[in-house]
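Line by line, the protein sequences give chains A and B.
So for the first sequence, the working numbering puts the first residue at 161; every next one is plus one.
So for the second sequence, the working numbering puts the first residue at 161; every next one is plus one.
Where hints are given, some of them may not hold.
Note: identical chains are not told apart, hence a pair may lie in one copy or across any two.
Claimed, not checked - Straight line, CA to CA, 16 Å or less: simulated EDC-like cross-link-like pairs of lysine to aspartate or glutamate:
| id | residue 1 | residue 2 |
| --- | --- | --- |
| 1 | K271 | D251 |
| 2 | K162 | E185 |
| 3 | K277 | E265 |
| 4 | K276 | D249 |
In case anyone wonders, no lab produced these hints; they're calculated from the structure.
Protein chains: 2
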Amino acid sequence: MKVMVGGTFDPLHDGHKALLSRSFELAGRDGRVVIGLTTDTFASRKTHPIRPFDERRQDLEGFIKGKKFAASWIVEPLNDRFGSATDADFDAIIVSEETLPVAVEINTLRKEHGKKKVDIHQISCVLAEDGRWISSTRIYRGEIDVHGNLIR
Amino acid sequence: MKVMVGGTFDPLHDGHKALLSRSFELAGRDGRVVIGLTTDTFASRKTHPIRPFDERRQDLEGFIKGKKFAASWIVEPLNDRFGSATDADFDAIIVSEETLPVAVEINTLRKEHGKKKVDIHQISCVLAEDGRWISSTRIYRGEIDVHGNLIR
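Excised from the complex, chain A in its bound form:
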């Protein structure tokens, strides 16, 4: 099946890795994964500094290549919350707990555009050592590392 997933992936933490791994698992051996990576302009709305697109893309692609997933894949620039997901032909969108509402919105827009709704797979956020979510913001603040270990 063809699946879509998106994010800023900076830094690439264990939550992102779970999201990507599940995306490839869902796509299956003959499937395809389209990974939307936010552009620097779009990502600049975040409350903390973001590394440039090419650096983030390099880390993302390094992780995917290292895993040797079976499905084919491509990284696409994401200029807004939806990217091509409101109109492209695909089967399922993979989101985190934070982005479930965006997926529901994408299906509403798809219906308005006369497109088939897609399946939504929400993965549970990976928890840090303290039982709270791993997030880029927490890593940037120096609370946790990319694996969710508390930095003391």
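We have chain A; now place chain B onto it with these hints.
For chain B alone, coordinates are given in the frame of chain A:
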């Protein structure tokens, strides 16, 4: 992976079949599917008559056996909206567009109970010939058949 899915499955229509097939696909070869089937008491809140549990179970099991899915499976009686999903150890819950809010509620309860949240997979409802959802209510009313063909 171990997945859970639930419903009244009366009559077993193409929407139910898509939900069940996707559940087995997600569970994978070595996985397990727990199917909650509403009890007669719980199902009686529906606005139309429901066939007895044993008849519904027979149709459900007949469909699953016929498909020869790889994963192991079990049918459990479902006495309320949640069944064992608020406390059991499993990986993902499969829902339709109608029951997505129940899955989100289950994760909230799991967190309160100190249980790991599960992934949520929402499949898009299968559409009838007229572009509206296939539903048991519509079949009962005589609008469509179990495949979503309009009855004229």
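Outcome of the hint check:
{"no.": "1", "hint": "K271 <-> D251", "in the structure": "within (14 Å within a copy, 30 Å between copies)"}
{"no.": "2", "hint": "K162 <-> E185", "in the structure": "both (11 Å within a copy, 14 Å between copies)"}
{"no.": "3", "hint": "K277 <-> E265", "in the structure": "within (11 Å within a copy, 23 Å between copies)"}
{"no.": "4", "hint": "K276 <-> D249", "in the structure": "within (8 Å within a copy, 33 Å between copies)"}
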